[in-house]
Amino acid sequence: MIKKAIIPAAGFGTRSLPITKVIPKEMFPIGVKPAIEYVMEEALASGIEQILMIVSRSKNLIVDYFDHSFELEAFLEKNNKTELLEKLNIPDVQILYTRQSYARGLGDAIRLGKGFVGNDPFAVLLPDDIIVHQSGSGLQELIEVYEKQQRSVIGLSEVDSARLKNYGVIKGKKIDDNLFELFDIIEKPKEHPPSNFAVIGRYVFTPDIMSYLETQNPGVGGEIQLTDAIKEMLSKDKCYGKVVGGERYDIGLEADYIKLINEIYHRSI
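Numbered according to numbering that gives the first Met the number 0, the sequence shown spans residues 0 to 268.
These are computed hints drawn from the structure, not numbers from a lab.
On a predicted model such as this, the values are computed, not experimentally measured, just so you know.
For glycine and all other residues, C-beta sits at the position ideal for the given N, C-alpha and C.
Treat the hints with care, as some may be off.
Claimed, not checked - Calculated cross-link-like contacts (lysine-lysine; reagent style BS3-like; alpha-carbon spacing at most 27 Å): (1) Lys189 - Lys164; (2) Lys258 - Lys164; (3) Lys147 - Lys258; (4) Lys187 - Lys164.
Said to hold, decoys possible - Pairwise CB distance ranges (calculated): (5) Phe182 - Gln149: 27 to 35 Å; (6) Glu48 - Ser68: 33 to 41 Å; (7) Ser57 - Lys187: 36 to 44 Å; (8) Ser210 - Glu143: 40 to 48 Å.
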């Protein structure tokens, strides 16, 4: 049922400065592929057929990466480098792009996809978070919950207490194995977080989330926060949180990024 996904990729990448002055964080290499390709592969493995990528004018590298390079392809074909040509295959999915003109936050980026979403439920995947799954995908776990509950589902991960101040943190009731009914969500709590379960960059939303995003005023950091829209939605409708299996890496953290590179390297040898 979930065939559409939004991938927001328009942020400044301030956590990874200074390199993000010139290289989008989404294009950070992990092995021989950029981070955003792993997210794209997860979307495809979960049955997504249409993707809207939210970019900014400084993110043309992303657009170019998922396009043909005719000169390179002609060179490889002329020199019978078939095995290299196969590495340039473009994902078999419809990819659309729209620009976020001003950096007004994740919530603003997602609401730019209102026309794309229409009346359909949809997924959101943040390229900051790479999930290495033994089988299936993190997004697929959320989709399975959505198919049963027909309500929005948010990906969760249990996080060390010291790191909770960097994430949205949920308050909820455990109703099944690794599944919560959510009551509240706090963006980057400075003290007394309501739980040890943080929101990670995987979501499945009903189209109703767009109406909540459209009425949001700037929140933390002067940005339109997705967390604020979810919080308002929780006051009127049910929403679930699913602790996602596999290992999650936040590539905005240098230690996580290096661990992920090592993980991918050891899997390839």
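Status of the hints after comparison with the structure:
1. This hinted pair checks out: Lys189 and Lys164 have alpha carbons roughly 5 Å apart, not beyond 27 Å.
2. This hinted pair checks out: Lys258 and Lys164 have alpha carbons roughly 22 Å apart, not beyond 27 Å.
3. Taking the CA atoms of Lys147 and Lys258, the gap is about 35 Å. The hint is violated against a cut of 27 Å.
4. Distance hint between Lys187 and Lys164 is fulfilled; the C-alpha atoms sit about 4 Å from each other, no more than 27 Å.
5. Remark: the range hint 27 to 35 Å for Phe182 to Gln149 is contradicted by a beta-carbon distance near 19 Å.
6. A C-beta distance of roughly 24 Å is found between Glu48 and Ser68, which places it outside the suggested range of 33 to 41 Å.
7. In this structure the hint that Ser57 and Lys187 lie 36 to 44 Å apart at CB is violated, the actual value being about 25 Å.
8. At roughly 26 Å, the beta carbons of Ser210 and Glu143 sit outside the given window of 40 to 48 Å.
Violation of the numbered hints given earlier is confined to hints 3, 5, 6, 7 and 8; the remaining hints are satisfied by the structure.
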